[in-house]
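In order, the protein sequences belong to chains A and B. If you number the first sequence the way the numbering used here does, the last residue is 222 and the count never jumps. If you number the second sequence the way the numbering used here does, the last residue is 341 and the count never jumps.
I should point out that these hints are in silico values taken from the structure, not numbers from a laboratory. Ideal Cβ positions, reconstructed from N, Cα and C, are used throughout, including at glycine. One should not assume that every hint holds.
What the hints assert, rightly or not - Straight-line alpha carbon distances no greater than 30 Å define the calculated DSSO-like cross-link-like pairs of lysine-lysine that follow:
| hint | chain 1 | residue 1 | chain 2 | residue 2 |
| --- | --- | --- | --- | --- |
| 1 | B | Lys188 | A | Lys221 |
| 2 | A | Lys221 | B | Lys118 |
| 3 | A | Lys221 | B | Lys116 |
| 4 | B | Lys133 | B | Lys122 |
| 5 | A | Lys118 | B | Lys80 |
| 6 | B | Lys133 | A | Lys141 |
| 7 | A | Lys122 | B | Lys133 |
| 8 | B | Lys14 | A | Lys221 |
| 9 | A | Lys122 | B | Lys339 |
| 10 | B | Lys14 | A | Lys122 |
| 11 | A | Lys122 | B | Lys114 |
| 12 | A | Lys122 | B | Lys80 |
| 13 | B | Lys133 | B | Lys188 |
| 14 | A | Lys122 | B | Lys238 |
| 15 | B | Lys14 | B | Lys80 |
| 16 | A | Lys122 | B | Lys118 |
| 17 | B | Lys114 | A | Lys221 |
To be verified - A partial selection of chain B residues facing chain A, derived with a Cβ cut-off under 10 Å:
| hint | residue |
| --- | --- |
| 18 | Tyr39 |
| 19 | Ser40 |
| 20 | Gly41 |
| 21 | Ser75 |
| 22 | Gln89 |
| 23 | Thr98 |
| 24 | Pro106 |
| 25 | Glu108 |
| 26 | Pro113 |
| 27 | Tyr137 |
| 28 | Ser139 |
| 29 | Ser142 |
| 30 | Gly143 |
Unchecked claim - What the simulated footprint calls covered on chain A by chain B, stretch by stretch (three residues with Cβ under 8 Å from a Cβ of chain B suffice, anywhere in the stretch; the number is not a length):
| hint | stretch |
| --- | --- |
| 31 | 66-79 |
| 32 | 132-138 |
| 33 | 143-149 |
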Amino acid sequence: MLKEWFPNVIPEDLWIATQETLYMTSIAVIGTLILGIILGLLLFLTDRGNLWENRVIYGITAIVVNVFRAIPFIILILLLFPFTDFLLGTIRGWKAALPALIIGAAPFYARLVEIGLKEVDKGVIEAAKSMGARTHTIIMKVLLPESMPALISGITVTAIALIGYTAMAGVIGAGGLGNLAYLQGFQRRDFDVVLACTILIIIIVFILQVIGDLLTKAIDKR
Amino acid sequence: MIQIKNLKKVFETKKQKVQAVDDVSLEIEQGEIFGVIGYSGAGKSTFIRLINRLEEPTSGSIEIHDKDITKMSASELRLKRQKIGMIFQHFNLLWSRTVFDNIAFPLEIAGAPKAKIKEKVKELIHLVGLSGKESNYPSQLSGGQKQRVGIARALANDPEVLLCDEATSALDPETTDDILDLLVSINKKLGLTIILITHEMHVIQKICHRVAVMENGKVVETGEVLDVFVRPQSKTTKRFVQQLNPLEHEQDKLKEFINQHDDSEVIKLHFIGNNAKRALISEIAKNFEVEVNILQGSIAPTQEGSYGTLYIQLNGNSNVLTDTIHYIQKAGVEVEVLKHA
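Kindly generate the complete structure, drawing on both the sequences and the hints.
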């Protein structure tokens, strides 16, 4: 039946492309998670009235985050070609897409992290201070655990956006399902390949959303 | 002992300066329960936050066991804070941690070994009466139970002093009494100094030994709870004392009643401490040729003994009435004559 509906799809190619998309997405999600949390914490902590209140650092971080959020992803990839080349020695393949993916998604996630941290009860932070906690302890044992549901639902949204980005990166040579859909599907006018790639991407997105929702629900004891 | 000298806090915004705490000096004895009462905006909340420097004082000193908190470096202060427990109006528990882990938190901060944490937390859970709730999350607890967790958490590092920031203001009256009883028992069992702020006179009356009344950042009155109750000096204090005996608001009605009886004397008796337990009225009735008519009365138990007021009307020969009043005064009961015969 698969042969009837998708006559031009080569299962091996589809499988390789799916793997590439999954690799790209997972490593980009991990990178985004780390960079986004660092940037989000920096935005939160240096903001007015907070633990590391510092107008200069807050201002710089906010500008960087806003600028990178404003650049359309497809242009960001092009802008980052020299940087990627310097970093990895190549601008082709799924690995070459990672710098652009992380730099594109982390600022977006950083804002979500900042919003999540702002939701943490000020009284709880004050209580930790009154117990003699260091800022490091407040970050690791109060801010991050208390904002965990927001951090998880935020990374779920970001991961889904990242899958979209990988498809775009695929079109200009990064491999993955986007690449397959564009080269073997669109350019050869074999639209069954485009459809197969679309269905796979939708399935990945659905699975991600379900995992994210379950995790958020399991962790939220409020 | 805690010595607070000339403590000031000024909040400065671009437009104005607000003197939240204005030259407050207090001495708080080891092992006492010291209450600070005031209406909202009186500066009491800022005051209690200055004691552990959650707010930085503008000037003045706070000495806890002869060590000035205001001169400590950040790292010295962190260590000292481990010895200053604090509980809050809204409990401020971590929702992401169980009861056990919430109480363990200050011990983790202090770097206690795992085995010691386990032992100490168990002991505290027992002390505050939460046995069996170890693995519950705060969202599964009632307000009173949450405050018990807050108290256990505040006691984890064996503090020298416990600060209570409106600790019962979010609780219903019955739960308030339970929590207050718990604080008294901890005060007695551990000899722990407690400083609490509140806007409810009931709290002061029930558990405090001494009280300071705050208004506009200043302490307008301070002293033993009983003294302040019996002889409130400032207008604010009088209003707080009236909270406990709302009937006194209605003295006008009482006066109407008094005027109808021309040949009698109406007096207000202040019973203080052990006198409040004495059967004075029946003594009078037996020993003197007077008729006693009780108009109104109330009694309020405090930590240092009870305090009661009683309005009575005495009918009788004027000489006898004078003797009766002398007798009452001799018994150590204060007499205020509201209407002469």
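These are the hints, each one checked on the structure:
{"no.": "1", "hint": "Lys188/B - Lys221/A", "verdict": "violated (36 Å)"}
{"no.": "2", "hint": "Lys221/A - Lys118/B", "verdict": "holds (22 Å)"}
{"no.": "3", "hint": "Lys221/A - Lys116/B", "verdict": "holds (27 Å)"}
{"no.": "4", "hint": "Lys133/B - Lys122/B", "verdict": "holds (11 Å)"}
{"no.": "5", "hint": "Lys118/A - Lys80/B", "verdict": "holds (28 Å)"}
{"no.": "6", "hint": "Lys133/B - Lys141/A", "verdict": "holds (22 Å)"}
{"no.": "7", "hint": "Lys122/A - Lys133/B", "verdict": "holds (26 Å)"}
{"no.": "8", "hint": "Lys14/B - Lys221/A", "verdict": "violated (41 Å)"}
{"no.": "9", "hint": "Lys122/A - Lys339/B", "verdict": "violated (56 Å)"}
{"no.": "10", "hint": "Lys14/B - Lys122/A", "verdict": "holds (24 Å)"}
{"no.": "11", "hint": "Lys122/A - Lys114/B", "verdict": "holds (28 Å)"}
{"no.": "12", "hint": "Lys122/A - Lys80/B", "verdict": "holds (22 Å)"}
{"no.": "13", "hint": "Lys133/B - Lys188/B", "verdict": "holds (25 Å)"}
{"no.": "14", "hint": "Lys122/A - Lys238/B", "verdict": "violated (35 Å)"}
{"no.": "15", "hint": "Lys14/B - Lys80/B", "verdict": "violated (33 Å)"}
{"no.": "16", "hint": "Lys122/A - Lys118/B", "verdict": "holds (28 Å)"}
{"no.": "17", "hint": "Lys114/B - Lys221/A", "verdict": "holds (24 Å)"}
{"no.": "18", "hint": "Tyr39", "verdict": "violated (22 Å)"}
{"no.": "19", "hint": "Ser40", "verdict": "violated (17 Å)"}
{"no.": "20", "hint": "Gly41", "verdict": "violated (19 Å)"}
{"no.": "21", "hint": "Ser75", "verdict": "holds (9 Å)"}
{"no.": "22", "hint": "Gln89", "verdict": "holds (8 Å)"}
{"no.": "23", "hint": "Thr98", "verdict": "holds (8 Å)"}
{"no.": "24", "hint": "Pro106", "verdict": "holds (4 Å)"}
{"no.": "25", "hint": "Glu108", "verdict": "holds (7 Å)"}
{"no.": "26", "hint": "Pro113", "verdict": "violated (17 Å)"}
{"no.": "27", "hint": "Tyr137", "verdict": "holds (4 Å)"}
{"no.": "28", "hint": "Ser139", "verdict": "holds (6 Å)"}
{"no.": "29", "hint": "Ser142", "verdict": "violated (16 Å)"}
{"no.": "30", "hint": "Gly143", "verdict": "violated (15 Å)"}
{"no.": "31", "hint": "66-79", "verdict": "violated (count 0)"}
{"no.": "32", "hint": "132-138", "verdict": "holds (count 4)"}
{"no.": "33", "hint": "143-149", "verdict": "holds (count 3)"}
In terms of the numbered hints stated before, the structure departs from hints 1, 8, 9, 14, 15, 18, 19, 20, 26, 29, 30, 31, listed from lowest to highest.
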